[in-house]
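Protein chains: 2
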Amino acid sequence: MEISELGEFGLIDRLTANLPTVNPSTVKGVGDDCAILRNKDTDILVTTDLLLEGVHFDLTYVPLKHLGYKAAVVNFSDVYAMNGHPKQITVSLGISQRFTVEHIEELFSGIRLACKIYGVDLVGGDTTSSRQGLVISITCIGEAEADKIVTRSGAKPTDLICVSGDLGSAYMGLQLLEREKVASAGKKDFQPDFGGKEYLVERQLKPEARRDVIEALAKEGIVPTAMMDVSDGLSSELLHICKDSNVGCRVYEDRIPIDYQTAVMAEELNLNLVTAALNGGEDYELLFTVPLTDHEKIEKIPGVKLIGHCTAPDLGCALITRGDNEIPLRAQGWNPLLKQE
Amino acid sequence: MEISELGEFGLIDRLTANLPTVNPSTVKGVGDDCAILRNKDTDILVTTDLLLEGVHFDLTYVPLKHLGYKAAVVNFSDVYAMNGHPKQITVSLGISQRFTVEHIEELFSGIRLACKIYGVDLVGGDTTSSRQGLVISITCIGEAEADKIVTRSGAKPTDLICVSGDLGSAYMGLQLLEREKVASAGKKDFQPDFGGKEYLVERQLKPEARRDVIEALAKEGIVPTAMMDVSDGLSSELLHICKDSNVGCRVYEDRIPIDYQTAVMAEELNLNLVTAALNGGEDYELLFTVPLTDHEKIEKIPGVKLIGHCTAPDLGCALITRGDNEIPLRAQGWNPLLKQE
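First to last, the protein sequences are chains W and D.
Using the numbering used here, you'd call the opening residue of the first sequence number 1 and step up by one each time.
Using the numbering used here, you'd call the opening residue of the second sequence number 1 and step up by one each time.
Just to be clear, a hint being listed does not mean it is correct.
Heads up, the list lumps identical chains together, so a pair's fine if it works in one copy or across two of them.
Below, computed lysine to any residue pairings styled on SDA-like, alpha-carbon distance capped at 25 Å [as the list claims (entries may be wrong)]:
#, residue 1, residue 2
1, 148, 181
2, 148, 23
3, 243, 17
4, 148, 268
5, 148, 30
Note that these hints are calculated values from the structure, not bench results.
Bound-form chain W, shown alone (with noise of 0.2 Å):
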C-alpha cells in the first residue's frame, strides 16, 4: 500500500494500534503534542541517535525488521552504559517514496519487538516524508537511581578494565556482508555465503544491549567507577574514559576478548585481527572500570573479562602486545564525519 494512502496521521494510527505501556513512569504514550513521563524516585537518562540510509545502513543487505531492532537497542545500550535502565523512546522516520506501508510496518515491527524485549514504551515521535532515503532518529529515556549512575569521568589510577562479550564480529560481519553484496551485483538467485559465519552476520545485523551484564554487576553488588558502551571501538572508548578520568592505560592483547569466527574471517579478509578488535566498532559491550578490590567479583560475572588496568594520566594509553611491546592506543573507530565519500 502506498504511504500516501494513509497520510501522517494514519499511518502512525497503523504504527501505533494495541501499544500498551509496561512501565510506572511512563503516564501517557503517543498521541498528544507531548508524551507524560513521572519518575520521581529515580534520575532520568536521556540519549539519541540518528540513522541516515547510505551512511550508517544499507538496505540492499540489512532486513528492515532488523534495521528496527538495531536502531532501538543502539539507543538501549546507551543508557545501559550509563547503569540505567530504558524504559521509553520516541521513533522519528524520514520516509522517501519507495518504501510502502508494509516496509514501514516491517521496520517498526523490529522496533516494538526490541521494545517488548527490554521492557520498552513507544511513547512518540514523528514521521514525514524523505526526498532521499530513510532516516530514522531515536531518542530514548532511561531510569537510574541516582547514586548509581556511572559516567566516563571516575575511573582511578589503580582501576581495573573490564570488557562484556567479545570484539570486532560485528565490524566482521559486516565486510562479510559486504563482500557477498560485491560478490552478487548484477547476478540474479544469487545466494550468498554465510556458512559458519553466522554468528559475524547476527553480531551487524542484530546486536543486543547488555543489560544482562548490568544485572549480573547489581547482583554482584558492583558500580563500576567509569562505564561506555563500544559504539565506536575499543581505543576510541578506552580514550574517551582515560581523558574524561584523567587517567592513563595499559591494555593487553592476549587479553582482548576474540570469537574464533572473527579470527577465521580476519585471516580470510587478510585484515590484522587486533586492529579490527580495537576499532572496529558497532560491538555495543560494556567496556568499564572496579576498584582493584572488586577482582573477585568480577571474575563470578560469565562473559565479563578483565583486559588490563589503569595507571597514573603521565603514562598514556597503551597496548601491550603479545612481543611485551607497547604501541600508543589511538582512535581509529568509526567517525561519520570523517569518512564523507
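Here the structure of chain W is known, so what remains is to put chain D in place on it, guided by the hints.
Then chain D, alone, in the frame of chain W:
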C-alpha cells in the same frame, strides 16, 4: 573550514563550548552516553520533531540561524501546548558535504539563542554525515505540574474555544518567500521585495512559542480543558481536539484573528483568506478550550481571542460563515506524507 578537519568529536566540542546549564533538573548535559535529569516534583513532557531539507525548509531563502531558532522553538511550542515549560533539548544533525563548520555554527547559534531566550538547556545529541542535505532532529523535554497538564481530550460540550495571536500569516510569509525565490531565479544581485510585509516573513522564518500565553493563563488561574499548538492549521487541530474529547464545535469566520498584512497578501496572490487562516499551518499559536465560567478571565488576556464553542459530538464540527452558513470543517493542512512529489 571543512567539517572533516574536525571530525565528529571536534565538531561537537566546538558547538558545545561554553554551554552552561540553567535548569535545576539538568544534572549533566553534553559529554557522556546519556544526559542526566532529575525531576522529583514535576511530570516530564517529551516531544520530538524531524526536519528534512527540501521537505521542511528551503535554504535558498531560510538563513541557517533562523532555521536553528525555528527548529528549537517548534519543539518548545509542543511543550507549552501541554501547559508545561521546556527545559532540555537534544539536537541531532545529519550534515552533507556542502556545509562547512561555519555553516553549522551559524545553525547552532540560532538553536542556542532560542535556548537562551526560553531558558532551555542543550543536553545532548548526535552528529553525523548525510548523503543528501541537512537533517535536524530535536527532542525536547519539559516539566509540568501533574494536575495542570492539558491534553487534547478534556474539552466539554459547552466549552469556549480560544486561540492566541493571528492565523495564516506564516503561510502567507511562505507564499511571499516562494514568490520572490521564483522571481530571483537566475538573476544576480536580485533584491527580494518584502516592503510592508516584514511581519509575514518574520512569522515564517522566526516564529515564537507562546510562553507568554501559558504564563498569562497561569496568572489568571485558568487551566484549559484541552489545548494544542497550531502547527498543521486551525481546522486540523480543532478536529483533533474534537475527536479526542468527543465533542463537536462551531467556530465563527468573523472571529478568526487575521493580521492586516495577511489579508493584503491574500488579495495580492488571489488566495482565499479564510482557507489560508484555517489551513495554512506553522502558526505556532495556542488553540485551547476553557469552561464557560472562565469567559471573563479570558477576556483579560491580551492577544487571546474567543473564536467559537464546543457542542455535543453529534452536531459535528463546522465553520459559521459571515453569511451565517454552516460549512463542515475539514483538515486540509500540512500533511507531509500526502504531499510527496
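Taking the hints in turn, this is what the structure says about them:
no. : hint        : verdict
1   : 148 <-> 181 : neither (44 Å within a copy, 55 Å between copies)
2   : 148 <-> 23  : both (20 Å within a copy, 22 Å between copies)
3   : 243 <-> 17  : between (46 Å within a copy, 17 Å between copies)
4   : 148 <-> 268 : neither (44 Å within a copy, 63 Å between copies)
5   : 148 <-> 30  : between (30 Å within a copy, 19 Å between copies)
Hint compliance for this structure: hints 1, 4 are not met, and every other hint is.
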